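K.L.:
Chains as they are written, first to last, in the working numbering: chain H, 482 to 916; chain S, 482 to 916.
The set of hints was computed from the structure by calculation and includes no laboratory data. On a predicted model such as this, the values are computed, not experimentally measured, just so you know. Honestly, I wouldn't trust all of these hints.
For identical chains, the list gives no copy identity; a pair is met inside one copy or between any two copies.
Calculated lysine to aspartate or glutamate pairs in the EDC-like style (CA-CA distance at most 20 angstroms, straight line) [claimed, not checked]:
#, residue 1, residue 2
1, K853, D582
2, K885, D657
3, K525, D635
4, K516, E589
5, K516, E568
6, K853, D523
One letter stands for each residue in the lines below.
Number of protein chains: 2
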Amino acid sequence: MSDGAEKSKRSNYHGRLEYTFARNMRDYEGYSIGKLLSLINDPKIISMAGGMPSPEMFLQEQLRQATRRRFDSHIHRIMQYSSIRGEGELIEAVIAFLQRDDIHVRPENVMITSSGQQGLDLVGRLLLDPGDALVVERPTFAGALAAFQMQRPDYLGIELAADGLDVVQLRQVLSDCQASGSPPKFIYVVPDFQNPTGICMSLAKREALLALSRLYHIPIIEDSPYRTLRYCGSQLPSLFSLDQQQGGGSVVGVYTFSKLFCPGMRVGFTIGPPEVISKMTNIKEGSTLNTPPYNQEMCADFLTTVDLDAYFQRCHVYYQEKLRVLLEALETHFPPERGVTWTRPDGGLFLWLSVPETVNTQSLFHAALGFKVAFVPGDAFYGEHPEYRHMRLNFSCPSSDQLKEGVRRLSDCLVRTESVVDRLQRSRWSINQYT
Amino acid sequence: MSDGAEKSKRSNYHGRLEYTFARNMRDYEGYSIGKLLSLINDPKIISMAGGMPSPEMFLQEQLRQATRRRFDSHIHRIMQYSSIRGEGELIEAVIAFLQRDDIHVRPENVMITSSGQQGLDLVGRLLLDPGDALVVERPTFAGALAAFQMQRPDYLGIELAADGLDVVQLRQVLSDCQASGSPPKFIYVVPDFQNPTGICMSLAKREALLALSRLYHIPIIEDSPYRTLRYCGSQLPSLFSLDQQQGGGSVVGVYTFSKLFCPGMRVGFTIGPPEVISKMTNIKEGSTLNTPPYNQEMCADFLTTVDLDAYFQRCHVYYQEKLRVLLEALETHFPPERGVTWTRPDGGLFLWLSVPETVNTQSLFHAALGFKVAFVPGDAFYGEHPEYRHMRLNFSCPSSDQLKEGVRRLSDCLVRTESVVDRLQRSRWSINQYT
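Work out the full structure: start from the sequences and follow the hints.
P.N.:
Listed below in structure tokens is the structure:
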């Protein structure tokens, strides 16, 4: 906007002052799914839309005990300011937690964040200028888009197959970028039980991705909220640990405890080279100061006093059963001839369902609310060129009965929508016959 | 940096990948005072450097009780995700809290933040593009500079007098900006017991500032962390309430409960026109999602169950006595002939001390550590053209005995430093005589 236009806009509003927003923010609308979830306010609706872990898995008694114990020993420290990068005890607990996963870091590689979303925001602020390119999966996590979008970057979407992103396409894109002199700033991936698809990247693709990152000198941002939630099959090494075996430095890992312990804690962490962690700590300092000490202490307490193997095992059994129920219901209601397909994840909280091309899942979402069932339309998960025939289904939060009934309602809704689409198309055909 | 230079830098580091930071972040170092405080690690040092409220004022028993009560009634809600803009109960409690101060807002005017620092960061991200101008006081709050600096703006500093900022200079600056076609995006002020000076803006200046804001259509950001901490004299109306009396919309108010209740809670709020609050909520969504529910519930509980008049009165008596001790110690050790001056605040946690021009408080800081006393050198508090003969002294955290002894040590250190400066100057004079 020119200065003149800006000035006239300012004095426009009945003499009342108008605020001129920064260029990055003028069209920014936050997390698209947030607005959508706010439409689901009828308690009769069975929602497979959210991304919440089940409260049945929350360690409530642990939280009570840890609170009592730590209030008794040092309540004044909990109520005061604390270190920006994170409390030493929690950083040590995170280091031990990562060792379980064959990741070996030192305190200078770790920074505590106010959950994974802050980690993603710090990544975007640290690395992206407006117009910079970054690589994302197609589809990708909508919350990451919400974080990165505040820098107005350009997205280079790479298609996702059943075993992870298309590394052949990625190689071509990186090679084209190199030729044109504008390499992407980073490659953002969720390798384990990705949100929204539940897809897990194969070991071969992990290795190919790392090789491309090294060949083209493009860092990888590995977002791992669901990594611990594997219900079957054997765990694959993280990109971070594979990279460490080759000297390290190419991967920044973004983690949260929201899905493992509870989202209300708002605690996560980011790992990476010391120069990256140190600069991110500066940005965190300017944006929120320290993560609340109480929340960090609860997290440290969980990590050090809970039997993690037993707890995760309990989560796995619980969520695996939910996933089984959902898959069974989908098979019951969507036989092959209906043209509906879905992913079959080995972990995480979501699966990805695709409907026939004639159906638009944005419209279907609104129709589905009438059938008292909700999902997230798939177009929210694309950095560019959204697709409209997919949806994300969550199975962690609804009960097994709700999952069964929810799929039945979804099936009914889809039947109705398809018949409307069909009638419309036939009427268009008959009009065309006479014109 | 050119693309070529960037590429060569990337492949430089023994084949290890280098990260190219965004332009806004390359020179960004966070909160300058943070680094300084980390140098004060000898427990024998009496620190008047920090900005912490006294733990003696923390409502520890209240925190225990509120935690127990709310865990008993809805621990699962505390452990789950919650509203980005803030929990309804806390927003209502904030509205009631503001009514005590003659500010009348509705829920759509309020957003809960993870403390005042997040409020300032959201203001900067919402309103500033790189190179935009904003008005700040000279000196101003260093944490606000740390937030705004991430957008690389230009600072227009307005001198601060004993009764607040120089409105004549401000008028001239705004008029010059209008003439040159680049108005500042906002005017940032801490009208009540400003950090670092403790200065309180007079009513006449508040009215003049508002008139200028309206005349030039420049919004005011009113940061009020210390407003409730007035120890003598009568409260002046906030800029927000004065603006409301004239129709409102010119002021965004940034608040925190860090100094009133406890910093560890990490809860604050921002008030303003609905379109500003709504856009800030989007930015908060992309950067941290919700403020932790536990922390919001504790804050709501404090606001609704504590006798606030009695509690604030207790804080006033406690801090006023600390301030009295500090002022008395300064009078004892710095008689007028020493050329040291200081402010005499009616509230807040800080005062501002100025030493003779021959002394640089940055150097003095390091000398003072040898004398086992610490303060914050004043240059941290300037957006542009820092001054080096001031320091910020905090009186909320040290005990009365520490304040007395701290000032004695500061006086000794200053005597030593001045005699060194004096010798150096005389030796220069004598060298000059012979050359």
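K.L.:
Taking the hints in turn, state whether each one holds.
P.N.:
Going down the list of hints, with the structure as the test:
no.	hint	result
1	K853 x D582	neither (41 angstroms within a copy, 45 angstroms between copies)
2	K885 x D657	neither (47 angstroms within a copy, 69 angstroms between copies)
3	K525 x D635	neither (40 angstroms within a copy, 54 angstroms between copies)
4	K516 x E589	between (38 angstroms within a copy, 16 angstroms between copies)
5	K516 x E568	between (34 angstroms within a copy, 16 angstroms between copies)
6	K853 x D523	within (8 angstroms within a copy, 63 angstroms between copies)
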